[in-house]
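K.L.:
Each chain is listed here by its residues.
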Amino acid sequence: MTQGHPQSEKFVGQPVERLEDAALLMGRGRYADDLPIRVGTLHGAILRSPHAHAEIVSIDTSEAEARPGVVAVLTGDEIKELTDPFIMVLKLPLQHWSLAVERVRFVGESVVLVVAEDRYQAEDALEYIKVEYKPLPVAVDPRDAAKEDAPLIHPAAGTNVVSVRNFNYGEPDKAFAEADHTVELTIEFPRNSQTPMEGYVVVADYLPGNNTYDVLANFQGPYTVHPVMARSLRVSGSALRIRTPQDSGGGFGVKQAIFPYVTLMSTASKIVGRPVKWVEDRLEHLSAAVAAPNRVIHLEAAVTKDGKVTAFRFDQLDDYGAYLRAPMPGPLYRPHGCLTGPYFIPNLSVTNRLVLTNKTPSGMVRGFGCPQMYFAIERVMQCIAVELDLDPLDVISRNLIPAGSFPYRSAAGAIYDSGDYPKALEIAVEEGDLKELKERRDKARAEGRLYGIGYCAVIEPGQSNMGYLSTILTAEERRKNPKGGSVSQVTVNVEPLGGVSVTADCMPQGQGQGTALAQIVADELGLKPDQIRVNLEHDTQKDAWSIASGNYSSRFVSSTAIAAHRAAQKVRAKLATIAAQSLNVSEEKVSFGGGQIFATENPDNAIKFHRAAGAAHWHPGSLPTELEAGVREIGVWAPPELDSPSDSDRINTSLTYGFKIDYCGIEIDPDTAEVRIDKYVTMHDTGKMINPLLVRGQIEGSFGWGVGIALYEEFVYAEDGSFLSGTFADYLCPTACEVPKPVILHMETPSPFTPLGAKGIGEGNCMTVPVCVANAVSDALDVRDVRVPLTPARVSAMIHGEEAAPPAGRAAPAAKAEGAGRALAGEGTTLVPAAPEEVWKTLLDAEKLAAVIPGCHRLDVVGDNDYRAEVTLGVGPVKGRFQASVRLAELDAPRSATLSGGLDGPLGSSRGSGRVRLEARDGGTEVSYTYTVEVTGKVAAVGGRMLDGATRMLVRQFFERLAAQVGGPPVHESWWTRLLRALGIGQ
Amino acid sequence: MKPKGFDYLRAASVEEAVDGLKEGGEEARIVAGGQSLGAMMNMRLVEPELLVDIAGIADLDYLRAENGALEVGAALTQAELLEWSGLAEQAPLLHLAMPHVGHFQTRNRGTVCGSIAHADPSSELPLSLAVLGGEVKLRSASGQRTLAASEFQLGMLSTARRPDEMVTAVRFPNPRPGQSFAFREVARRHGDFAIVAAAAVVSDGHVRLGIGGVADRPTVRDWEALEGSALDDALNEFAWDLGGHDDIHATARYRRELVRRIGRRAIEEARHA
Amino acid sequence: MPRLSREARHPVTIILNGKRASGYAEPRLLLVDFLRREIGATGSHVGCEHGVCGACTVRVDGKAVRSCLMYAVQADGRRVDTVEGLGDDSSDLTALQSAFRREHALQCGYCTPGVLMSISDFLERNPKPTETEIREMLSGHICRCTGYAGMVRAVLDVVSNGGAAESPKSE
Ligand code: FES
Ligand code: FES
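Chains as they are written, first to last, in my numbering: chain A, 26 to 1012; chain B, 827 to 1099; chain C, 30 to 200.
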């Protein structure tokens, strides 16, 4: 350290450039898949369910086991024998394993693991596994799944609605009875996820010497999940060593749900006696990793005639997919304290229902339950304005918690730490220039354009209380085992030459936490951030951690950062004691700065930082007797405000509560129905900013995702539960052309509950943008039912009115409601130059039928008009081999028959049926047909755009071949074309 | 997501390539840029036994304006076409359509002929070729032939190319005096496959409109001197003829809506170009 | 060139960031896997393996392309530039890299190497792009962390040649 005169440069609060960046920019990051692996490491690939719900009748892995490079093949049988089901937050009779046992419950569920010498070979072998499924009825829509007669996802549970809880705070019934108005709305929030660019990576190595699993995984916490993994592997926590890498390619909560794969690869490693590595690919990630729960909320507001809300009544149905994985149902309970938003609403009634469906299990995703909740609250606030003919911003403003009320206890028990919401609103209006935006809107409207303004205000909770989930239990149940709090730990170490290093219990996913920790420690020790080495690789066998450890719930600035502050203070105190001795002043009279420790009153009386530190290592005998040798201090932080829920179910769900108020102007193209965000203003009070650069990054990033939720992103399922968003061309993440630049505004009201005054900032904009944009669209179009994502097809249905009728003489196809069923349906006609009896014979003759079925290699008769076949089917270059079943029923010779059947192969499965009619015409036969087909599995997930056309083409092929078989070239003409031609219309 | 094994032949000449195709039969595929094929192979939707790489055939890396058409060889990338200084003048429709084709990075490797050979119903290049009435040149070990665009593309991902044939070039007819052009597209995001793409060519009251993304191949209509509600009716009829289908990105009805609306916009834009 | 059999691993030599680098590849080995696993150049990342996300973008003979849509054997004998080769041998960052740091254009950094390779090709061919052109070029990449704002600022900054970084507070 060569600084000259002591100085007191401070870094907390400054936009310090990130210390992480240089390595990442040079391609020298150390992500999980970059790290060296032990020689002999094997690679896993997973066969996944093509069905949303089916019994596993049999699995034949023998051919796969014989493929080159294959070392082992695991099924649910091995998993059941060697592991225990994952423990859950709720004690329910459901079992969840790392491979499906007896039944699959969602498309993408892991069924078989192949372990081979490399990933290419492992994937090759997947194609040789034969699984026989017996499809079961599905429950996909949460409302259907909640019905009494719905197919049961877990029969042992006896219901799909696995938890129902009612809460009452204040006197909601009285408030509703006395209200001037009741405004109500039902919203449906879609399934989505922020899909980090890096998928899951697990390298598991079983160490037989001491029955320990050594696992490298890009897991992000919370470490409440560590016991879940250890218990499933039947070992103690200390025998499951989880190491996380220095760099992670994004988390957003999602990397919590890696845990089943840790168990799976660990078990595989134990079986094969070698390390097993698995890298998730994008299709696996999109179909099977995680989704934020979709939620249906019915929200009622009791409102006075001047727009003041006196009570909310929530009815929430949250969809957790096929399994309730820990720490679910967090998204329904984490926002519990904030159910009244930033508003002074003393009365609240809540019904929470959790439902299971045949979809990918829900999990942690940025926003963690809040985007859903605020979508309901802020849509209702706008509806209040519309119904009472008030300005929407006035409705917000009238209901805000007044300045000077902090700390404020919300109806459900959150302790809002600090804020001045009316002032924030004022700044947002002024500095964001709302006036100009309104003029823009007025001008646009005067020109007949579709322009709207939306507003919203939210509370952003930071750092979850580990006790919030126990709100789901009754007070009685909770008393046995009260939970509440949040522990963080950071170690600061000073080595003999004075170098400072930091380790911590957070697993950063790109937020720049290493830089923030360096700033905090540097300030305490009078150093510069780049003099602090922050190593955030974490090792459960060597580093401090607790169940709250991890990177989630926007906890860092009020948790790990504070622990770092405390650890650095301890180091500082120790070094101050050492320095005071040699400077001959008392400890209170020393200061740190510029790499020196000096007498505050006489800076020339100084000792170099590294000399003071060195004394603790080189000459411990010289230390004041009360000091231990060495300089390694652990800071621990557990804020007292986080307590377990009260007997009246009030819970302080989080430690800090930031405030955001946003507004935006959007314009809708009258022809294409595309929504364009014209201007977006976002105002934040996130307490003290430790590093404004990082704060901006968090805002811009969650804003980008908010735009995705609002306009583009949704995991789409068909009615039969097949998954349709399996590629990045189907699950649409916005790009630089879609994400506009927001206007970001700030004010700083420090949090009194954390020594640095900072509040969590990671998630706010994904809570605001969807509803803010929805409110603007509602304003532009004067519509009430606004669903996100606001795809152009959805908006078109709102603005384009009745469709122009087809030309005279032509019937419109039966309209299909948007989103209602994605079964492929079609019809067609072929003219065959042979009599109906001839055609009929062909259909009923196995040998001839074999020639008619496209790509048929072989046809076996298994019963009366019941066949099994092997076929190769495809469109253009896309081809796949399938096992087909074909049945003819409802025979009415020679007039009509029902053809039904299915296909199963590596590309997916399909079921369909159609009615064929034969009618004598012009000496030949007119063969007409209608069909519906459902397709599920890989081809549905990745080829959705092509499915309809491909199906049509294959069905047509069948009938063309039928015609050819009976003896003549087919006539390619639809009945319509012929009719039109006969009438002299058309080409 | 790793491709299944295949043999690989880097052809140095067209002869070598077509010999390879002959040998490989139905299970051989040509690869040039591989921007569609590669993705489908990674997903194991396509599993060829032999991949014949023609990207390095110098004879196919050309762009020529001759005999009333712009001829593009099978090794020429989309980026090379887009950056060609003569594009706006020699092929104004392509000049308008090319920026919608994929992204900067995929155009760097994706070829013009590859996009046409792949025959995706939503792609801009097959649409442009269809509207301009262009041609596709095919070669096999036993000879060569030229097909009109309308004869070449038969349906979704399906063409009249025989298994032993390769596309060696495509020909985009030059603009005729008095013709003007417009191209409009709606995609979910910038660079995505079109939900609907509309290419219009207008001259002396004659209107030709091509639509991609709705039927199983680009579809072209011609009208004489249509204005006002007659044009609306014609577009409406076109929309209903194309039918459309539902998928996760758009409904059939929205597709028809776009045919009527951006079809009209394209025609009007071409008229004022 | 003879037909390369799927069964065998074939020698592949590329000029990686100006230096010869050799390894072996079956025909189906993706270029990105070859770089990461055979050569050990782990700077290029894999985000989708179907050509949409851009995480794997490298420059082949100068052009920014998806290395998940190319096979290693196709790159044999060609120049391949990756993020590891940006700048010179010293640890200094290029102007573009520095602008990325200054403008906080990266968070997790997983998409960043591909983005940098695209930009470096793009700016050589179009040294004075507009913001719209920059955004269009960037639309070939998916970044889930940043909302792209910092990237756009960084490129604009480099284009206008070292303009002072906006202070985050001034927004
Ligand atoms: S990994 Fe190559 S584009 Fe996504
Ligand atoms: S910085 Fe994380 S994906 Fe771009």
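There may be inaccurate statements among the hints.
[Claimed, not checked] Using 25 Å as the maximum straight-line C-alpha spacing, the simulated DSS-like pairs for lysine-lysine come out as follows:
1. A/LYS460 / A/LYS448
2. A/LYS508 / A/LYS553
3. A/LYS199 / A/LYS448
4. A/LYS468 / A/LYS448
5. A/LYS35 / A/LYS199
6. A/LYS155 / B/LYS963
7. A/LYS35 / A/LYS553
8. B/LYS830 / A/LYS330
9. A/LYS766 / C/LYS157
10. A/LYS460 / A/LYS595
11. B/LYS830 / A/LYS904
12. A/LYS333 / A/LYS155
[As the list claims (entries may be wrong)] Per label pair, the in silico range of CB-to-CB distance:
13. B/GLU852 / A/ALA181: 29 to 35 Å
14. A/VAL808 / B/GLU1050: 38 to 44 Å
15. B/ALA1051 / A/GLY826: 51 to 57 Å
Quick caveat, the hints were computed from the structure, so don't treat them as lab data.
No experiment lies behind these values; they were computed from the predicted model shown.
From the three backbone atoms N, C-alpha and C, an ideal C-beta is built for every residue, glycine too.
K.L.:
Using the C-beta atoms of B/GLU852 and A/ALA181, is the stated range 29 to 35 Å upheld?
P.N.:
Between B/GLU852 and A/ALA181, where Cβ atoms are some 50 Å apart, the hint is violated.
K.L.:
Do the alpha carbons of A/LYS333 and A/LYS155 lie within 25 Å of each other, as the hint requires?
P.N.:
Distance of about 63 Å is beyond 25 Å: violated.
K.L.:
Within 25 Å, alpha carbon to alpha carbon, are A/LYS155 and B/LYS963?
P.N.:
violated (44 Å)
K.L.:
At the C-beta level, are A/VAL808 and B/GLU1050 separated by a distance inside 38 to 44 Å?
P.N.:
holds (41 Å)
K.L.:
Given the hinted pair A/LYS35 and A/LYS553, is their Cα-Cα distance within 25 Å?
P.N.:
Within the cut-off at roughly 9 Å; holds.
K.L.:
Holds or violated: A/LYS766 and C/LYS157, Cα atoms, limit 25 Å.
P.N.:
Holds, at about 21 Å.
K.L.:
Mind checking the alpha carbons of A/LYS460 and A/LYS448 for me, to see if they're no more than 25 Å apart?
P.N.:
Given pair A/LYS460, A/LYS448 holds - Cα atoms ~17 Å apart, limit 25 Å.
K.L.:
Check the hint pairing A/LYS460 with A/LYS595 against an upper bound of 25 Å on the C-alpha distance.
P.N.:
violated (52 Å)
K.L.:
Between the alpha carbons of A/LYS508 and A/LYS553, is the straight-line distance 25 Å or under?
P.N.:
Distance of about 39 Å is beyond 25 Å: violated.
K.L.:
Take the C-alpha atoms of A/LYS199 and A/LYS448, compute the straight-line distance between them, and say whether it is at most 25 Å.
P.N.:
violated (32 Å)
K.L.:
For the pair B/ALA1051 and A/GLY826, does the Cβ-Cβ distance stay inside 51 to 57 Å?
P.N.:
violated (29 Å)
K.L.:
Take the C-alpha atoms of A/LYS35 and A/LYS199, compute the straight-line distance between them, and say whether it is at most 25 Å.
P.N.:
violated (54 Å)
Checked against the numbered hints given earlier, the structure breaks hints 2, 3, 4, 5, 6, 8, 10, 12, 13, 15 and satisfies all the rest.
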